[in-house]
Amino acid sequence: MKTELTIEESLKREKGMIFPQDFSEKTLLAVAHSHNCINALKKQIPIRPTTYTGTNRADCPVCGSTVRWMEKPWGDWCSNCGQRLDWTEN
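Read left to right, the sequence shown gives residues 1 to 90 (the numbering used here).
There could be a bad hint or two in this list.
As the list claims (entries may be wrong) - Straight-line alpha carbon distances no greater than 20 Å define the calculated SDA-like cross-link-like pairs of lysine to any residue that follow: (1) K72 with T53; (2) K43 with A32; (3) K43 with A58; (4) K43 with R84; (5) K26 with I38; (6) K42 with N80; (7) K42 with D59; (8) K42 with G82; (9) K42 with A30; (10) K43 with D86; (11) K43 with E9; (12) K43 with V31; (13) K72 with W87; (14) K72 with T50; (15) K42 with R84; (16) K43 with D59; (17) K43 with G64; (18) K72 with N56; (19) K72 with R57; (20) K43 with N56; (21) K72 with R48; (22) K42 with K26; (23) K42 with K72; (24) K42 with R57; (25) K43 with P61; (26) K42 with S79; (27) K43 with G75; (28) K43 with P73; (29) K43 with F23; (30) K42 with G75; (31) K42 with E9; (32) K43 with S65.
Said to hold, decoys possible - Pairwise CB distance ranges, derived in the manner of DEER restraints: (33) F23 with T55: 47 to 53 Å; (34) F23 with P46: 22 to 28 Å; (35) S24 with E89: 47 to 53 Å; (36) T88 with G54: 20 to 26 Å; (37) S24 with S65: 34 to 40 Å; (38) G75 with Y52: 15 to 21 Å; (39) V31 with D59: 31 to 37 Å; (40) K26 with P46: 31 to 37 Å.
If you are wondering where the hints come from, they were derived from the structure by calculation, not from laboratory data. For each residue, glycine too, the CB sits at the ideal point set by N, CA and C.
Assemble the whole structure, with the sequences as input and the hints as a guide.
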């Protein structure tokens, strides 16, 4: 998947960064921004919801919020944390 490759590349680049000795505010902001970008990319990779045998309930695998209760799913994204959900059947 294209998004997964982008995340892996971002992680490799981040690990390979050389930081100045003073750890200036500008450098720390750049690192924080990099972490935020990686986390946003990870949320775009669909993950199957947690399901429970004998029920129609499904929960977000990241934050635990209910994403389906009685009938059809409530959407392709968790309304609580923003994680993309994979509703395909195995």
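Check: Between K42 and E9, is the straight-line Cα distance small enough, at 20 Å or below?
Finding: Distance of about 12 Å is within 20 Å: holds.
Check: Is it true that the CA of K43 sits at most 20 Å from the CA of P73?
Finding: holds (18 Å)
Notebook entry, point to check: Hey, K42 versus D59, does the alpha-carbon distance stay inside 20 Å?
Noted result: Since the Cα atoms of K42 and D59 sit roughly 18 Å apart, the hinted pair holds (cutoff 20 Å).
Checklist line | Agreement of K72 and W87 with the hint, judged by alpha carbon distance not exceeding 20 Å | finding: OK: K72 and W87 at ~10 Å, within 20 Å.
Notebook entry, point to check: Quick one, are K42 and K26 close enough, alpha carbons at most 20 Å?
Noted result: violated (25 Å)
Next item on the list: Verify the proposed pairing of K42 with A30, using a straight-line Cα cut of 20 Å.
Entry: holds (19 Å)
Notebook entry, point to check: Under the criterion that the straight-line Cα-Cα distance not exceed 20 Å, is the pair K43, D86 satisfied?
Noted result: holds (12 Å)
Check: Is the Cα-Cα distance between K42 and R84 20 Å or less?
Finding: Judged against 20 Å, a Cα distance of about 9 Å means the pair holds.
Margin query: Tell me if the straight-line CA distance from K43 to G64 falls inside 20 Å.
Written below: Between K43 and G64 the Cα gap is close to 14 Å, so the pair holds against 20 Å.
Checklist line | CB-CB spacing for E89 and S24 relative to the 47 to 53 Å hint | finding: Distance hint for S24, E89 holds at roughly 51 Å.
Item checked: Restraint status (C-alpha distance of K43 to N56 at most 20 Å) -> violated (24 Å)
Item checked: K43 paired with V31 [C-alpha distance capped at 20 Å] -> holds (19 Å)
When held up to the earlier numbered hints, the structure conflicts with 20, 22, 23, 24, 29 and 34 and fits the remainder.
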